[in-house]
Amino acid sequence: MADRYFNPFQAIDIHVPVEFHDAFARYSQTGGNAVIDQSPFPRMVDLWFLSVCVAARLGLEPVDIGKFETRKIIDGSIFGSDPWRVHTLIPA
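Here the sequence shown stands for residues 1 to 92, where the numbers follow the UniProt record's numbering.
No lab work stands behind these hints: they were computed from the structure. Ideal Cβ placement from N, Cα and C applies to all residues, glycine included.
The calculated lysine to any residue pairs, modelled on SDA-like cross-linking and capped at a C-alpha distance of 25 Å, are:
no. : residue 1 : residue 2
1   : Lys72     : Leu89
2   : Lys72     : Cys53
3   : Lys72     : Ala25
4   : Lys67     : Ala55
5   : Lys72     : Ser39
6   : Lys67     : Ala25
7   : Lys72     : Arg43
8   : Lys67     : Ala23
9   : Lys72     : Asn7
10  : Lys67     : Val52
11  : Lys67     : His15
12  : Lys72     : Ala55
13  : Lys67     : Pro8
14  : Lys72     : Ser51
15  : Lys67     : Val18
16  : Lys72     : Pro62
Simulated restraints, written as ranges between beta carbons of each label pair:
no. : residue 1 : residue 2 : range
17  : Gly66     : Asp37     : 34 to 44 Å
18  : Pro42     : Asp13     : 14 to 24 Å
19  : Gly66     : Ile36     : 31 to 41 Å
20  : Val35     : Tyr5      : 29 to 39 Å
21  : Asp13     : Glu61     : 16 to 26 Å
22  : Arg71     : Ala11     : 15 to 25 Å
23  : Gln38     : Tyr5      : 32 to 42 Å
Work the whole structure out from these sequences, hints included.
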């Protein structure tokens, strides 16, 4: 039960390619003037998580993000408040 709150992403920053950063900002409520009907995701990390899940479902391979200019959306410590996401991302 102790590993339930283990967060291996604690010291990792979550980045997205610059070309997608505006979409992450537009579709999340992170900004001050977000309209919920147009921004269905409470946080950018929620849209990022959906993106990872869809990519996994479609069988897409990870891309070397080092080849792209990126922007940080959040640090991995956010998963400390969402331990179920850690369990979803790490196979048993």
